[in-house]
Amino acid sequence: MSNQNVSSRPTGLQYFLYKSAKALKTPTPYLAFLGITLWLVTYYLLCEQWRIFPFYKVPGPLEVITEWINKDPIWGTSLFTEDYYINIWVSCRRIFIAFALATGLGVPLGLFMGWSQKFKDYAFPILELLRPIPILAWVPLAIVMFAGFETPIIYLATLASFFVTALNTMLGVESIDESYFRAAGCLGSKKHHIFLNVVVPGALPYIFTGLQISIGVAWFSLVAAEMISGDYGLGYMIMDSYMVNKYTTMVMAMLTLGFVGWITSAMVRSAGDRMMQWRERALGQGGA
Amino acid sequence: MSVGNNIVPSKGAISIRNVTKVYDPGGADVMAVDDCSLEIAAGEVCMIVGPSGCGKTTLLNAIAGFHSITEGQIDLDGEMLCGPGKQLATQGADRVVVFQNGALFPWKTLADNVAYGPVVQGLMSKADAREKAMTMLSEAGLDGVADKFPGEVSSGMARRAEIVRALINDPKVLLLDEPYRAMDALTKSIMHESLLEVYDRTKVTIFFITHDLEEAIFLGDRVVVMTTRPAKTKKIVDVKINRPRDYRLLSSEEFRLLVQETKEAVHEEAVKAFEAGERELA
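In order, the protein sequence lines correspond to chains A and B. What the first sequence shows, in my numbering, is residues 929 to 1216, in sequence order. What the second sequence shows, in my numbering, is residues 32 to 313, in sequence order.
Rather than coming from a laboratory, the hints here were simulated on the basis of the structure. Watch out, some of these pointers could steer you wrong.
The list that follows gives simulated cross-link-like pairs (lysine-lysine, DSS-like), each with its CA atoms no further than 30 Å apart [what the hints assert, rightly or not]:
{"id": "1", "chain 1": "A", "residue 1": "950", "chain 2": "A", "residue 2": "1048"}
{"id": "2", "chain 1": "B", "residue 1": "117", "chain 2": "A", "residue 2": "1048"}
{"id": "3", "chain 1": "B", "residue 1": "42", "chain 2": "A", "residue 2": "1119"}
{"id": "4", "chain 1": "B", "residue 1": "139", "chain 2": "A", "residue 2": "950"}
{"id": "5", "chain 1": "B", "residue 1": "139", "chain 2": "A", "residue 2": "1119"}
{"id": "6", "chain 1": "A", "residue 1": "1118", "chain 2": "B", "residue 2": "157"}
{"id": "7", "chain 1": "B", "residue 1": "42", "chain 2": "B", "residue 2": "263"}
{"id": "8", "chain 1": "B", "residue 1": "117", "chain 2": "A", "residue 2": "1046"}
{"id": "9", "chain 1": "A", "residue 1": "1048", "chain 2": "B", "residue 2": "42"}
Build the full structure now, drawing on both the sequences and the hints.
Okay, here's the thing in structure tokens:
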């Protein structure tokens, strides 16, 4: 609350270190660690120690981890084999393309729908009609439309995340307080000034909430598509190992998806924090 | 506080003539303002008081160009803002509004907020506007927080910065819609002195809506009491107290009598509004 050190404000790495040091003084990281440990112990007990129904067929954590770090894996795939990385790389590349396309198309569409009632009247009904169609229902059509493996998979992941992004962006623009538009108007703004200085920054918090969901949805549809029609990728790896009863490899792929998904989500979040420092700082002040 | 200001106000005369505003005619058909006339001189501090929802803000919105009027005419320095054939005034930086809940862009620093007007109007380069913004912010005692975001400063500072953001455009009129409503009494009194200081320096015409009668008398040259909806001018109280004014005025007999006089007029209307059971019209 004091205004004494108003001019000094940590930036970049300094700010990151300050935040990390602060976080270590709260119970949050320790509770998270405890939670994960408890989960691992339960998982171990259920699947490897007691082996009770329906868990007795599930590869336990020790089994999966041993295989994962095995230089000479029993089932053929581990941290030391090339195909593991090929699968990760292929999925990540697809996600990157799909997410970039969905964001590049969805954000502008949402901005214009939120900004112009007329444009919304045209576009929104179509969006609302197509959006409820589950992404799995698009799979056959995608395969009919595009040849090969790559394009239909990217198409499906793009489609799913596009709807989420467009809708959230539109809601973001609609959430902007009318007085900011009025203020911009009476300060002499032209339309494009209002778009760049009010509509876009005002919608950013919703846009990034949308992007967080959308990257999750992209992974969901990607894996679904890869499982049905794929040559490589983590979804394919899961399906392929299931087909040949390599359950350990299957669980390894699932956990890998968890990690990779978490990292992409964190990347989106940190991009958001970077672009919305005004929000970060205001929140930071409130907590200090 | 600066003394000896010989600025003769030359701009910002508002003429409101027979203005009527009906919301949703033919539908809900709510008459917010009925045949309201008011002449505000250049450089006057005109305070508008009246019961909640009486149509004060409707008048302000008509001047600013946020809402159209149904009948009548509003002029600024002899030029029609809105009237027959042009029911909605064009928004412009000659009439800048300071909003009830504050409308500094939360995503811009105070300096960038202040620099915004001249930049979008194409009057100054970004660098020049920023430099001027810094100068004006430090004149307002805000140099230490110029690079902070609105969310990082107190509401009092934010409101002062918002007034600076308006003043950098050298407006003819400042339109204030209950800007200090949510503030505690102490912050409010600081706000009042800083606004009076700004006024003594610039002599900008001020159109100020409030519910706080002491605020109205303390700041105003005239206090216009509006009737309950539809709004008309019920009574105009002349505040013949010399400027510059300071807080000692608040305990004077002269001040108390003026507040009393205004209160009686407002109270009568408030009772009417209450009995009509009218809800506040945004």
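Results of checking the hints against the structure:
no., hint, in the structure
1, A:950 with A:1048, "45 Å, violated"
2, B:117 with A:1048, "28 Å, holds"
3, B:42 with A:1119, "28 Å, holds"
4, B:139 with A:950, "27 Å, holds"
5, B:139 with A:1119, "18 Å, holds"
6, A:1118 with B:157, "16 Å, holds"
7, B:42 with B:263, "25 Å, holds"
8, B:117 with A:1046, "23 Å, holds"
9, A:1048 with B:42, "42 Å, violated"
Hint check: violations occur at hints 1, 9; the rest are consistent with the structure.
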